[in-house]
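**Q** Taken in sequence, the protein lines are chains A and B.
The numbers in this note's numbering rise by one with no breaks, and the one at position 1 of the first sequence is 1.
When you read off a place in the second sequence, starting at 1, and then add 1000, the result is the number in this note's numbering.
Don't take each hint at face value.
As the list claims (entries may be wrong) - Between beta-carbon pairs, the in silico distance windows are:
no., chain 1, residue 1, chain 2, residue 2, range
1, A, A306, B, T1258, 55 to 61 Å
2, B, M1001, A, V215, 42 to 48 Å
3, B, L1416, A, S282, 36 to 42 Å
4, A, D144, B, G1311, 22 to 28 Å
5, B, D1005, A, Q288, 32 to 38 Å
6, B, A1438, A, G151, 54 to 60 Å
7, B, L1416, A, G151, 19 to 25 Å
8, A, A306, B, M1318, 48 to 54 Å
9, A, D37, B, M1001, 42 to 48 Å
10, A, D144, B, M1001, 22 to 28 Å
11, A, F310, B, G1419, 37 to 43 Å
12, A, G151, B, T1171, 31 to 37 Å
13, A, R35, B, T1405, 43 to 49 Å
To be verified - In silico SDA-like cross-links for lysine to any residue, where the CA-CA straight-line distance does not exceed 20 Å:
no., chain 1, residue 1, chain 2, residue 2
14, A, K103, B, P1184
15, B, K1393, B, V1244
16, A, K103, B, V1429
17, B, K1239, B, G1228
18, A, K103, B, K1393
19, B, K1239, B, P1184
20, B, K1289, B, F1310
21, B, K1289, B, A1265
22, B, K1393, B, F1310
23, A, K103, A, A150
24, A, K103, B, A1422
25, A, K103, B, D1118
26, A, K103, B, P1436
27, A, K103, B, H1431
28, A, K103, B, L1432
29, A, K103, B, V1423
30, B, K1239, B, F1310
31, A, K103, B, F1389
32, A, K103, B, G1298
33, A, K103, B, L1426
34, B, K1177, B, H1431
Treat the hints as calculated values from the structure; they're not laboratory data.
All figures in this text were calculated on a predicted structure; none of them were measured in a lab.
Backbone N, C-alpha and C fix where the C-beta goes; we use that ideal spot for every residue, glycine too.
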Amino acid sequence: MITLWFSVVVLAWVLFFVLEGFDFGVGVLGPLLGRDDHERGAAVRTIGPFWDGNEVWLVAAIGVTFAAFPAWYGALLSGLYVPMVVLLLLLAVRGVALEFRGKGDGERYRRRADVALAASSLGIVLLWGALLAVFVRGLALGADGQVTGAGLARSLDPVLTGEALLGALGALLAALLLGATFLSLRTSGPLRRRARMLARWLGTGGAVALLLTGVLTSSPLALVAAVLSFAAGLLARAGREALAFATTALAVAGAVVAVFTARGAVVLHSTVDPAFSLTRASAAATPQALELITWAGVLILPGVLAYQAFSYWVFRRRVASERVPS
Amino acid sequence: MDVLDLTRLQFAVVTIYHYFFVPLSISLAASAAGLQIAWLRTRRAEYLHLTKFVGKLLIVTFAVGVVTGLVQEFQFGLGWSAFANFYGDVFGPTLAIEGMLAFFLEATFLALWYFGWDRLPRLVHTACIVIVAAGTLLSAFIILAANSFMQNPVAYALDPATGRARLTSFTELMLNKVNLAAFPHTMAGALMVGGALLLALGVWRLAADPAYRILARLGAWLTLAGGGFTALTGDHLGKVITEVQPMKMAAAEALYETTSGAPFAVFATGKPLPEFALEIPWLLSILAKGDPGATVQGIDDLQAQYAAEFGPGSYVPMIPVAFWTFRLMIGAGMLAMAVAAFYLWRTRKARQAPHWLTRWLPLIPLLPAAANTFGWIFTETARQPWIAFGISKTADGISPGLTSTEVLFSLAGFTLVYGVLAVVWLRLVRHLARQPLAASSPSPADKSDLAPVY
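Same shape as in the complex, but just chain B:
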């Protein structure tokens, strides 16, 4: 592999890894806030214990999210300094504002909440976790705006004097229509992963404490509701993407020829796809434009159109990757929803879930986590060869002078350290879940603290 492919692979590896923890933090923060409010209103001890339990999961997950997120912020300069330089005006302020506005909020108030159980008045303390939850949403919105710029560049002008992109409106950058569609879709997907984790832990520990039933059912509802919302928002996002990046949706369908009343292929074989396909008539036209008879542009036409517009070269992303990640995303998400719905139905009105279900259910977080990952791989690889659609190519963004030895070194380092972190995180979550619920107190030793110093 050359230095460009290696750097791309590294970006993919560290970003995918970071994105295992981000959606978990978002949804665990929301769950902790919800449980604490439920406790304040009902004063039932189970809710308090569960709030503290979710809080511990949140804090260890957030820690991994922070340290891997730091890598993300440095990456633009490390491997992609040409991109950083060209889009510094657009990306720099966005990252800086995210840090100042949202990330400070999350980090400071999470610590206040976690360590402040006995120090803060109850309402102030509850407000802390609500602020954390709001902060995670704000962070996600701003970061997704930066990503949406790469999918659909808006609010910029090319400066003839410096040859760099210049931001023309921050509001317009934030309100990019791709962002407005991608943000709810991504948040709904995030809700699913956290929900599935709570469902898994709740089912796994049900025998130890009946309070875990609340957690399991809460998790199942979050998975189901998150899933439904993911599907709805995904449909909308698909239509926006068809409009701004028709090649991406054509690649997702491996649709070579422009077709009216296009079918949706559930499954296909052949190389490149498809030779044989199991198709649902008209569905693609409905998904892309909301009309069964609508014309969907094919890859060949788009290639010809882009070659005429941007000069010779291939503008076709990797079709099998786009085709399969799109289907795996939808499939894994739907399966997770089905399992959650089935669990809710089998445990309705204090009924017990069957043994085989409780045995396999703890694996369920893998499904929405996979769906999120496939979704991102689809979004980013089907954008290629562009780093910012229609203005500059990925190959032009890499740091000049960077050597493949350096990237191999860092790729090995990240893989090794991230691998170890993942193992430690998993073991820690297992350990935390095994502690008795009622004993969940974040920092019992803190009570021995003495006189004020400041």
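One chain only, chain A, in its complex shape:
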């Protein structure tokens, strides 16, 4: 039961990082690749109908982590208090910038929304990358399962390490590759050409990033992911856009699985004393709670996947980035 729920938790995080990964990537790239207001608007419209549903995967991921492994949830969030708060603030700015962009008046307003969107998306991606590296490295958990230290440094220090920097860099390259392949798949015109061009180069960059993940996690999955990422770049070069995006998504999924399984049964390693580490068994909720969410998941999730797929099908047309003469 615990293994099953660990898999569900990892699956929820994988879906979050893949789905939100591409809209973070578009958030960073859109305002950069779009040369004018119209093109930038087209970039935002590629994710407009999806980002909200994608973000719910974060709600689901953190929710099932809480439900199935309350001690893990508590230790991660309270132990990484400051970076998590910064992350939430950036997510707030990003969501609002995205949704408000098209509703305000004037090009200057939209330009500001674009800057807010790109800056917050960039911050989120870097921070998530650093946090994922911390998930692997572990925290300075004391005997009581709490992070030791005082002041802001208590929860800020874990993200100010070399590993965290590597993680941030890796996540950035991966998100950019996801964003570029998604943009090339979902647009037409100049934006599509530029995104495709970028995806070719990013494929190699992404492979390097995923090799870094391999160094951090010493997981063979990361190697597979790196190969997939390189292949995605080649596919983008060959003009196979859908395949390039799918391959990238697989690569990111592999890297996320590598992160969550890097320590075997230990979910949060203690850098103070391995004996203080949280394991799947010690962090798990009671069998009754697990049984309840199993039923809930079995009944609800197929429906969720079906209607989310339906929404991708409804908005399956490319967004035009060239100006259509009226």
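We have chain A; now place chain B onto it with these hints.
**A** Chain B in isolation, oriented as in the chain A frame:
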């Protein structure tokens, strides 16, 4: 302030802020669904324009609700990890099920509805907004069940092996009698805020387009009906609370001595309250138990009783806060209803509202918003010192190891970012309301979209 007070203050700030947008989303979703159905049945263009107008308000409001709601879900782990750990079994599945069952529904179908005007068959498209409206209710019901657990813990057992609370029945948790009373009360209050916003915007823009008259009157009816329902359900909720948390109702009345045939104080002075009071005889006994002669327990008796049951310590919440928020809640709600009723009466049969009324009426959403806020402050502060009534104290729920520097940092961050969001939201609503109604099309640029890719 120590780290406990700071963390409590932060929880209050982010929750109150989140709760400005949640009731608006609930009632705007219901209004949009109602207007679209009205359009389908009558085919009057005004209804279509108003549906799209309300839809735009809904989508910008929902966005703020989503991002601030995310903070809520993280809060239990950030500041209250001891609580999260102890009640993980009860709270975790509740939050997870809310996310999977209701929130996915709202987010996905709202996007389908908003962007799908030209893509979906009309009935499917209308079904999308109805699903969103139903989703908001479902979300609220599940989240209020989690809150009701803190007011009246049910369906749990303390596990002797782990020392943690264990959920014994999800159904029982959902059907907590506090939840069954609080859910309709909260929803009626939500209807009022959204109604008042539509009334305000309708009156403000009346000169621009006669269709706004429909919006204003719809808003006024929602405020009035929501208000009436809030009062009825509030009366019932008061009786349930008197039964499960007698201290909360005693604090709301600043009733120190156990009294039979207790009066209701409309106004009181003194410290602690009351020295002078303007009282309505028997009303409190009627409100608490539905019988003018009924005995209502006082604060002193309850304190003695709790001290005997739970050990030494103070079990008295902040009396002036409880006393005044309770009255301000009722007062602001009644005033909003009165204004809405007055507007409906003055504009009956195509009559025009007087100038002074149309000038001040756009401020009306502040009243039900204040009533909701005071209601929540009352509910949560008059529960103290308990985090879950009778089983554990707020002080025991905080994340161990958390430092006040960290909480000061996050409190400053939330205050700053939320402040900016509020300003941007208000300006955006003003901008959206100023656009001509007939031009309301959610995504005109989308029409240039080309070939399918999937």
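**Q** All the hints need checking, so say for each whether the structure fits it.
**A** Quick rundown of the hints versus the structure:
no. : hint                           : result
1   : A306/A <-> T1258/B: 55 to 61 Å : 58 Å, holds
2   : M1001/B <-> V215/A: 42 to 48 Å : 45 Å, holds
3   : L1416/B <-> S282/A: 36 to 42 Å : 38 Å, holds
4   : D144/A <-> G1311/B: 22 to 28 Å : 24 Å, holds
5   : D1005/B <-> Q288/A: 32 to 38 Å : 35 Å, holds
6   : A1438/B <-> G151/A: 54 to 60 Å : 57 Å, holds
7   : L1416/B <-> G151/A: 19 to 25 Å : 20 Å, holds
8   : A306/A <-> M1318/B: 48 to 54 Å : 50 Å, holds
9   : D37/A <-> M1001/B: 42 to 48 Å  : 47 Å, holds
10  : D144/A <-> M1001/B: 22 to 28 Å : 24 Å, holds
11  : F310/A <-> G1419/B: 37 to 43 Å : 38 Å, holds
12  : G151/A <-> T1171/B: 31 to 37 Å : 46 Å, violated
13  : R35/A <-> T1405/B: 43 to 49 Å  : 44 Å, holds
14  : K103/A <-> P1184/B             : 33 Å, violated
15  : K1393/B <-> V1244/B            : 17 Å, holds
16  : K103/A <-> V1429/B             : 9 Å, holds
17  : K1239/B <-> G1228/B            : 17 Å, holds
18  : K103/A <-> K1393/B             : 45 Å, violated
19  : K1239/B <-> P1184/B            : 14 Å, holds
20  : K1289/B <-> F1310/B            : 26 Å, violated
21  : K1289/B <-> A1265/B            : 16 Å, holds
22  : K1393/B <-> F1310/B            : 11 Å, holds
23  : K103/A <-> A150/A              : 44 Å, violated
24  : K103/A <-> A1422/B             : 16 Å, holds
25  : K103/A <-> D1118/B             : 19 Å, holds
26  : K103/A <-> P1436/B             : 13 Å, holds
27  : K103/A <-> H1431/B             : 8 Å, holds
28  : K103/A <-> L1432/B             : 7 Å, holds
29  : K103/A <-> V1423/B             : 15 Å, holds
30  : K1239/B <-> F1310/B            : 24 Å, violated
31  : K103/A <-> F1389/B             : 45 Å, violated
32  : K103/A <-> G1298/B             : 54 Å, violated
33  : K103/A <-> L1426/B             : 12 Å, holds
34  : K1177/B <-> H1431/B            : 43 Å, violated
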